[in-house]
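Peer 1: In terms of numbering that gives the first Met the number 0, the sequence shown opens at residue 0 and continues consecutively.
By construction, these hints were calculated from the structure, which means they are not laboratory data.
As the structure is a prediction and not an experimental result, all values here were calculated from the model.
Cβ-Cβ distance ranges computed for the label pairs, FRET-style:
1) Ala89 with Arg34: 55 to 65 angstroms
2) Ser39 with Arg73: 21 to 31 angstroms
3) Asp59 with Lys27: 20 to 30 angstroms
Computed cross-link-like contacts, SDA-like style, restricted to lysine to any residue with a CA-CA straight-line distance of at most 25 angstroms:
4) Lys56 with Thr30
5) Lys87 with Arg73
6) Lys27 with Arg57
7) Lys88 with Glu75
By construction, the Cβ of each residue, glycine as well, lies at the ideal position given by its N, Cα and C atoms.
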Amino acid sequence: MTNQTHRKSAYPPEFRAEAIQLVRASGKPQTVIARELGMSVETLRLWLTQADLDAGKRSDGLTSEEQEELRRLRRENRILREEREILKKAAAFFAQESQESNATH
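Please construct the entire structure, taking both the sequences and the accompanying hints into account.
Peer 2: Structure (structure tokens):
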């Protein structure tokens, strides 16, 4: 999986599904269909690969569901790390404050 930020697709899901179906049903080369649809052949190839992964026809990558779960878990992990850092700083602050108050008494 590449290290890209997740962004909204420039193409609606319906267009993607129709393009995939067109490649599979027409028998035309991907380059011809991509040109006819006004898109890059690489985008079409990636869509076909992802559709095969999602359908279980390939196992050399993550399904869309797995990719979404990975994004969710990474986001959750980042938040937990941030929260842990805040708690560490708060604990250090209160420990120092407690030591200072004990020293003055």
